[in-house]
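J.: Kindly produce the complete structure, drawing on both the sequences and the hints.
Heads up, the sequence shown is in our numbering, so the first residue is 1 and it goes up one at a time.
Some hints here could point you the wrong way.
[Stated by the list, open to error] Within a straight-line C-alpha distance of at most 25 Å, the following computed BS3-like cross-link-like pairs (lysine-lysine) qualify:
{"id": "1", "residue 1": "14", "residue 2": "75"}
{"id": "2", "residue 1": "11", "residue 2": "75"}
{"id": "3", "residue 1": "45", "residue 2": "75"}
{"id": "4", "residue 1": "14", "residue 2": "4"}
{"id": "5", "residue 1": "84", "residue 2": "45"}
{"id": "6", "residue 1": "14", "residue 2": "45"}
{"id": "7", "residue 1": "52", "residue 2": "84"}
For the record, the hints were derived by calculation from the structure and aren't laboratory data.
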Amino acid sequence: AVGKYVAQQLKEGKLHVAITDPDNPINWPRNLFVWRSNLIGTSAKGHEYFLKHLLGAQNGVMQEGTAGAACSQVKYQEEGPTGKLDLMVDINFRLNSTGAYSDIILPTATWYE
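T.: In C-alpha cells form, the structure reads like this:
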C-alpha cells in the first residue's frame, strides 16, 4: 500500500526526492563517517569545493560554476550553501588531511592486530 502511494505521488509530481533540491537545508547530509580513506586530501577531486560547501572551512575556490539556467531536473540556487556538515568522524590509523578537518578521530585496528 505504501509503495503504490509513493509511486502515485511521484507520478503526479506531488512528492519529490531529495536529489532534486540538493541545496535545501532539509536535504543536506548532517553526519559523515570516513573509514580508512583520505576523502578530503586525495580522494576528492576539487577538494576546495568539499572544504567550502561541505565543511565551511577556509578554501581556495577562485570561481564558482556557470549559471544554472541549463538545470532542468535540479533546483538551482544562485549562492551555494556552505558548511553543511554538523559532524565528521574519521576512523583511521594514520593522520591524513581528512583527520585534520574531522571533529572526531577514532583509532582503527591495523593489520598487525
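J.: Which hints, by number, does the structure contradict?
T.: Hint 6 is the one this structure does not satisfy, whereas the remaining hints hold.
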